[in-house]
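Trainee: Construct all of the structure, not just a fragment, from the sequences and the given hints.
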Amino acid sequence: MSKNKPGDPRWMKHIKAIEKHLAKNEKWFQSPEQKKQNFEKEMNDWNKNFEQGIQDMEQSFKNFEKKMDED
Numbered sequence: 120m121s122k123n124k125p126g127d128p129r130w131m132k133h134i135k136a137i138e139k140h141l142a143k144n145e146k147w148f149q150s151p152e153q154k155k156q157n158f159e160k161e162m163n164d165w166n167k168n169f170e171q172g173i174q175d176m177e178q179s180f181k182n183f184e185k186k187m188d189e190d
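If you count the sequence shown from 1, position 31 lands on 150 in the numbering used here, and the numbers rise without skipping.
Every clue listed holds true.
SDA-like, lysine to any residue: derived pairs with alpha carbons at most 25 Å apart:
1) K185 to E170
2) K167 to Q153
3) K132 to E145
4) K139 to E152
5) K185 to G172
6) K139 to S150
Taking CB as the label site, the calculated pair distances span:
7) N157 to E184: 37 to 43 Å
8) K132 to N163: 47 to 53 Å
9) S179 to L141: 55 to 61 Å
10) P128 to F158: 43 to 49 Å
Hints listed in this document are in silico derivations from the structure and should not be mistaken for laboratory results.
Values in this document were obtained by computation on a predicted structure and should not be read as measured data.
All residues carry an ideal CB built from backbone N, CA and C; glycine is no exception.
Mentor: Laid out in structure tokens, this is it:
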């Protein structure tokens, strides 16, 4: 993006300013996608921990049943 040339129309200055602004804030446009990816990663991590907790509890119930059957 270069400065206005003497032969450029006046509106070209505004178009170039908008282009410059959009280029600076391009990361902002990508932010929702990044937030979605971060959210999905957090949910996958939480789900793994939750499933592990359920498996641990099921194993505890099985061990408890075995002890109750032995007595």
